[in-house]
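K.L.:
Chains as they are written, first to last, in this note's numbering: chain G, 1 to 44; chain Z, 1 to 555.
Check each hint, because a few of them may be wrong.
Using C-beta positions, here's what the derived DEER-type ranges look like [what the hints assert, rightly or not]:
no., chain 1, residue 1, chain 2, residue 2, range
1, Z, 202, G, 41, 22 to 32 Å
2, G, 35, Z, 307, 36 to 46 Å
3, Z, 280, G, 16, 17 to 27 Å
4, Z, 467, G, 26, 22 to 32 Å
5, Z, 280, G, 41, 12 to 22 Å
6, Z, 349, G, 41, 37 to 47 Å
7, G, 37, Z, 277, 42 to 52 Å
To be clear, the hints were calculated from the coordinates, so they are not data collected in a lab. Here the structure is a predicted model, which means the values were calculated and not measured. Note that CB positions come from ideal geometry on N, CA and C, so glycine has one too.
One letter stands for each residue in the lines below.
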Amino acid sequence: MTSTDPPDDERVPLFGTWPRIYAAVVACALAVMALLAVFSAVRY
Amino acid sequence: MSSLDWSVLAVYLVAVVAFGVWTGRGNRRIEDFFLAGRQMRWWAVGLSVMATQISAITFIGTTGQAYTDGMRFLTFYFGLPFAMVVLCLTLVPFFYRARVYTAYEYLERRFDARTRTLTSLLFLLSRGLSVGVTLYAPSLVLSVILGWSESATILMMGGSTILYVAYGGNKSVIWTDVAQMAIIWIGIFLCFGTAVAQLPADLGLRDALALAQTTGRLRIMDTSTSLAAPYTLWSGLIGGFFLMLSYFGCDQSQVQRYLSGSSLTQSRLSLLFNAFLKVPMQFLILLTGVLVFVFYHFHPAPMLWNPVEMRKLEAKADPAELAAVRQRYAAAEAQRRTTAEAWTASRSPDAEAAYHAARAEMDAARGQAVKMVERINGGARYNDTNYIFPSYILAHLPRGLAGLVIAVIFAAAMSTLSGEFNSLATATVVDFYKRFVNPAGTDAGDLLVSRLLTAFWGGFACLVALRAGQLGSAIEVVNRFGSYFYGSILGVFLLAVLTPRAAARGAFYGLMIGMAAVFAVSRYTPVHFLWYNVVGAATVFVAGLVITAASPRDP
Numbered sequence: 001m002t003s004t005d006p007p008d009d010e011r012v013p014l015f016g017t018w019p020r021i022y023a024a025v026v027a028c029a030l031a032v033m034a035l036l037a038v039f040s041a042v043r044y
Numbered sequence: 001m002s003s004l005d006w007s008v009l010a011v012y013l014v015a016v017v018a019f020g021v022w023t024g025r026g027n028r029r030i031e032d033f034f035l036a037g038r039q040m041r042w043w044a045v046g047l048s049v050m051a052t053q054i055s056a057i058t059f060i061g062t063t064g065q066a067y068t069d070g071m072r073f074l075t076f077y078f079g080l081p082f083a084m085v086v087l088c089l090t091l092v093p094f095f096y097r098a099r100v101y102t103a104y105e106y107l108e109r110r111f112d113a114r115t116r117t118l119t120s121l122l123f124l125l126s127r128g129l130s131v132g133v134t135l136y137a138p139s140l141v142l143s144v145i146l147g148w149s150e151s152a153t154i155l156m157m158g159g160s161t162i163l164y165v166a167y168g169g170n171k172s173v174i175w176t177d178v179a180q181m182a183i184i185w186i187g188i189f190l191c192f193g194t195a196v197a198q199l200p201a202d203l204g205l206r207d208a209l210a211l212a213q214t215t216g217r218l219r220i221m222d223t224s225t226s227l228a229a230p231y232t233l234w235s236g237l238i239g240g241f242f243l244m245l246s247y248f249g250c251d252q253s254q255v256q257r258y259l260s261g262s263s264l265t266q267s268r269l270s271l272l273f274n275a276f277l278k279v280p281m282q283f284l285i286l287l288t289g290v291l292v293f294v295f296y297h298f299h300p301a302p303m304l305w306n307p308v309e310m311r312k313l314e315a316k317a318d319p320a321e322l323a324a325v326r327q328r329y330a331a332a333e334a335q336r337r338t339t340a341e342a343w344t345a346s347r348s349p350d351a352e353a354a355y356h357a358a359r360a361e362m363d364a365a366r367g368q369a370v371k372m373v374e375r376i377n378g379g380a381r382y383n384d385t386n387y388i389f390p391s392y393i394l395a396h397l398p399r400g401l402a403g404l405v406i407a408v409i410f411a412a413a414m415s416t417l418s419g420e421f422n423s424l425a426t427a428t429v430v431d432f433y434k435r436f437v438n439p440a441g442t443d444a445g446d447l448l449v450s451r452l453l454t455a456f457w458g459g460f461a462c463l464v465a466l467r468a469g470q471l472g473s474a475i476e477v478v479n480r481f482g483s484y485f486y487g488s489i490l491g492v493f494l495l496a497v498l499t500p501r502a503a504a505r506g507a508f509y510g511l512m513i514g515m516a517a518v519f520a521v522s523r524y525t526p527v528h529f530l531w532y533n534v535v536g537a538a539t540v541f542v543a544g545l546v547i548t549a550a551s552p553r554d555p
């Protein structure tokens with residue numbers, strides 16, 4: 001069961017290309033984990 | 001609860017139902033009802049995806065877990081951002097361009113009707129049963145803490161959700177999820193702020209974190225390589241990655257959310273939005289639980305958090321024994337407070353040792369009380385982790401705010417239930433009713449059937465929840481049921497999109513072999529459940545390829 005034809009997709013909203021967006025997400029995730037590791041390890 | 005709290009909760013319930021009905025107007029076809037006419041923007045879909053995932057028991061359970069165990073649970077979500085990227089690269093474009101209503105519909109295009117029917121049926125079985133538990137768990141906690149009738153709580157939560165989902169379909173689900181997610185975020189910030197504000201005047205946030213740290217509550221990164229250890233960095237990154245791939249890629253309750261995007265770009269952005277926000281949100285929730293733990297160093301903490309079990313203990317236990325345990329607990333608690341104050345003031349190793357000794361004594365006294373409860377309950381395991389945060393809300397939050405946070409728990413439950421009722425109805429209508437019973441139905445007829453089936457699944461969830469108290473350990477079986485085949489279904493989808501040569505026979509029998517493998521691992525090894533999805537997906541993928549290679553080619 002399908003519906004009507006898909007509309008044309010929109011242009012990439014940020015950073016120009018999807019691979020750059022994905023790289024930004026991965027970099028952000030790694031940065032958050034690094035910050036969490038610091039939060040966990042630093043002596044209060 | 002005060003009358004102000006009751007008013008806040010009542011306003012929330014009335015407003016959410018009215019808002020759901022209002023936003024769900026204008027459905028003409030099942031594409032409107034199930035996919036919101038494919039017109040939703042990324043931020044609305046993204047918030048709906050987030051709201052569907054965070055259930056009430058996640059909200060109250062994780063704060064309780066942070067109180068008892070610390071923040072290790074956060075690693076559970078570490079695989080999520082990477083899973084979102086992989087889904088945006090693989091399954092999402094396939095689903096979106098195929099213009100399907102359900103994830104399983106895509107499998108018929110790629111393989112055959114048998115594979116689609118089996119995967120959809122597995123979804124209906126597991127989600128249909130677990131949605132009852134999703135409703136039962138917070139209802140039980142709220143009824144115990146607030147003294148409400150369990151049935152009334154179930155019917156209030158489930159009934160109000162059925163009202164707007166059966167009328168408005170996915171549009172109502174998404175827009176109420178947006179509103180509920182806003183309430184949940186406000187609630188999280190208020191709880192966090194209140195927990196900080198309620199620390200003693202001479203105890204700064206840094207001292208509170210130091211106290212939590214010395215008990216191991218701030219430890220997030222457990223680098224143990226044991227497959228049996230819960231919530232390690234590796235199980236979170238690898239097991240969590242596969243779990244999130246399975247949940248967001250193959251579970252209709254999530255797939256349906258992002259298929260409502262107005263374009264592939266909007267669908268992708270909705271998932272990436274979650275990739276950014278999920279871990280920070282869980283961090284805040286867990287940190288709130290840790291601060292509640294510190295808070296109870298300076299305020300009396302109940303010996304048992306479940307008041308019903310405490311009353312049962314008072315009625316049935318030997319009074320002398322109970323009095324002795326209470327006395328031991330009270331003395332240990334006072335000692336813990338004194339030593340905690342001394343340690344935060346001096347930070348000396350001796351003060352730290354004295355604090356740990358007092359804490360161990362308090363844990364031992366509580367352990368004695370837990371053993372007594374288990375004894376009078378015929379040996380049944382006692383766990384009151386889910387009662388900690390609601391108890392804190394009621395006892396220590398200002399009037400009005402307590403009602404708002406109870407509304408947040410309702411919002412978290414209802415946002416999950418709404419997505420699940422809607423997706424169960426979708427799979428039933430699209431994969432069974434329209435596929436086998438009435439493929440040529442009219443728009444009006446299909447819409448009516450869709451609404452009736454939404455109400456049916458909502459009613460079924462209420463029925464399971466009302467009977468769940470008598471199911472006992474069957475609830476655990478239901479909860480585990482999904483984990484047996486989640487990863488295996490993911491394996492079928494990976495076969496579909498990554499290997500053009502994989503055939504229907506390989507996918508179907510590979511799925512059977514994958515589920516058997518997961519069952520064997522869960523039954524005969526101590527491997528933690530986060531790894532089941534890795535086992536299932538890998539087994540199906542390899543078995544599917546081998547069976548395809550060994551089978552005669554289709555003409």
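K.L.:
Of all the hints given earlier, name the ones this structure violates by number, lowest first.
P.N.:
4, 6, 7
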